[in-house]
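A.B. asks: Take the sequences, apply the hints, and build the full model.
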Amino acid sequence: MSGPSRLPGGPAPTLRFTFDGVPLRASPGDTLAAALLANGIGLVARSFKYHRPRGILSAGVEEPNALVTVGEGGRREPNTRATDVYVYDGLVARSQNRWPSLAVDLGAINGLAARFLTAGFYYKTFFGPPSRWLLYERFIRRAAGLGKAPTAPDPDPYEHRSVFCDVLVVGGGPAGIAAARAALQVGERVLLVEQDRVVSEAIDGARVLTRTTATGLWDHGFVTLVQRLVEPGQPPAPGQPAQRLWHVRTRRIVLATGAIERPLTFAGNDRPGVMLSQAVRRYIERFRVLPGQRIVIATNNDDAYATADAITAAGGTVVAILDSRAEKSAIASAAAHPVHTNAFPISTSGKRHHLHSVEADIWTERTRFEADLLAVSGGFTPVVHLHSQAGGALDWHEEIQAFVPGASRQAVSSVGAAAGDLPPVGTAVADLPNPKTSFIDFQNDVTAADIDLAWTEGYRSVEHLKRYTTLGMATDQGKTSNMAALARLASVAGVTIPQAGLTTFRAPFTPVTLGALAGADGGGHAAPSRRLALYDRHQRLAPIWQPLGLWHRPRAYPIAGETLHQAALREARAVRTAAGIVDVSTLAKFAVVGPDAAALLESVCATGIAKLAVGRGRYTFLLREDGMVMDDGTVWRLEENRYLLTSSTGGADRMEAHLSYAHRVLAPHLRVSVVAQQEHFAGIALAGPCAKAIVAELTGIAPPAHMGLAHAEIAGVAVLILAASYSGERAFELYAVASDAGAVWDAVEAATRARGGAPYGLEALEFLRIEKGHIVIGAEADGRTTPHDLQLERMLRKSGGFIGTAGLTRPALSAPDRLQLVGLTSETPIPEGAMLVTATGEPVLGHVTSATGRVLGEGAIALGLLAAGRLRIGERLLATSPTRNQSAHVTVRAPLFYDAEGTRYRD
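Each residue of the sequence shown is one higher than the one before, counting from 1 in the working numbering.
Here are the simulated lysine-lysine pairs, BS3-like style, with alpha carbons at most 25 Å apart:
id: 1; residue 1: 611; residue 2: 798
id: 2; residue 1: 124; residue 2: 49
id: 3; residue 1: 436; residue 2: 49
id: 4; residue 1: 351; residue 2: 436
id: 5; residue 1: 49; residue 2: 148
id: 6; residue 1: 49; residue 2: 351
id: 7; residue 1: 124; residue 2: 436
Since the hints were made in silico from the structure, they are not lab data. Predicted, not measured: the structure shown is a model, and the values here were computed from it.
C.D. replies: So this is what it looks like as structure tokens:
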């Protein structure tokens, strides 16, 4: 018998699971890795680049090889470490990154091209003209990644919790338990977390969280933990979360995070059947699984001799112990196994993805050993990730050939193996006869030859070398490969390992599911949702809702099976021919009051304000300090020292901050108060040829002239009437206290429908404003445009003095070749967002910002930003969107398509 097997004396295998569709059984408490080994399965995965066969290397979270997909549907979790998921009844696991099967993977043909897929091959291959990228992208997307992300929504809830303690102990091994007990003895509140299911021994008085990983250590004693309440792919109990993200604040932190065993570098060290020594021991002693029958052990330290004893006790055969040290230690001298000193593994060989033999260099003589398992131990690396994230220094310990925690900037201390309490290692290193198959990063297929090549090509910094070779950039973040890579780099460079440098230990320590980060803030709870004051009125009309910032506004009101476009076009035509009403409650509204109200407004608005008469309003816009248009709206003088300023929905919070900055920082001496009233008042815009008659009918007063205002009542509710148009038709904005606005909407809607009109949504509003050439913040005013670019320069206050005045004086902002607002017409639909070019393949001159069809006429119209647009009026261009395979021939014209004289919105 050869290969892994279940040992007697453990729990009966009562749990059912499948791997690649094959029904298997596991014992309670088995990890998926242990269960696979117990069922004689050694091949579990394929590597990323070369699709090389890979087995199980470790028994913990450092596993780089055994990545599988666990679960089904929305619970499917790719790239799960088989060593870090416990089997439950009904678990479904699949191998990944292979086709058509794990045993026969056509992707392994990449190995034949390994000489061309060396370090940095993508930088040397995927270059050329932009058109070539479209070809490259297809192949890159197919090759990218390992497992496939689920497409169905995650059905499980997640939650966040916060906790405070005096001492946080990370790690439930003997050192962690001892640290927790010491803290409890002096009366401190202790929280102990362990990523495994169990701690080394029970402890009373401390709060213990198992299956919990400390993912990051931040400033001021703040630590994030992720607790798995169920295993990947396992449904939680009804009403219970799948995972919990803990926010921990603590006075001090004790890191008992242990150490990670390092593999050895030699040809074929990635073959299934090569495992870490401590992993072999753990599978035997904890899971009652013997990973092989004839076992060679290769080591440079004494710890591996305990593995040899465990193998013998379990009934396995230790064929040889290859000890790289020239002299036997006391433990090696006492070993009851064949021990060879100055011995190094050179290569492995096998058949059908199983290890058959190990070739060793023993005092420069080559010897081959028949074996089905090779247990390796290249020393240990203390887990210093959290210590480094806390700003702690690292010191080099020559005796263990590893970095250990040094001084810390925070109240963080390390104990046990994490502090460097580890067996010394031999420093002798064998030559590598075949560095091209001597793997350092198993998951990303980075070899010793890749590191040599990167050094030869000038990548001397370890951070540059990491990115050039993708070393340590896989899901394991280099836990088993970093020290071997540094040793190889130091050897090539002729320096010591500390001189070679060290990469940065970034959070998270292990991968974290996005659901845990979001917690309960997912789906409709991803952000606060604001409802319109008139929500119930809209809902009874069954609109299509559109998220707009934190608000949801009606996009259209389809009837009789209409599509979105059909409904919006019907609504827009109602505005042009009769009347329409739209909810504009979300517009930002600010009451600016005080003796110096005009002065404050003139400091932020680029148009004239001070001479505005009481009862009148005007369009205005605001600039950033660099002269770019930030927002636009209207300003109304309600009384001598009282103004109403409106601006865009999406810019409400930004505008509030801007006004506060202008007052408190730039002009604290001004006697003025600014109050945001966005949600205090509901707004209803009434537009169309019948709008004036409707207002007169409902209020009993003469409607104000364009840009005038009046106070009246509708349905017994006091309203402020502002005569302003965004559609190009005669229009009025009606503002009422939000809690009373329902009656106003009902009255206006009824009168509008009686004249053949209808409510309209954002889509129809977009059609109307494009026809009239009105800009919108985020499209035409995209943060890069000035008043000159948007043809607003004639409205600028000539005396200056407003925010952005100095920025506008920069010569580059008046250059004639800047992107300028233009109109575009075509006989065919114009793709929104399309590039504007003179012909296919020619340089991009601009882009389409907004596009639609004419409301009452034929053909398509659009607004766009075009280089030297004013000088291109009348030119024919191509609007092209290659990614959507859409294009249209367009004619450049002035950005105004409807009622150029403005007669329809004036009396």
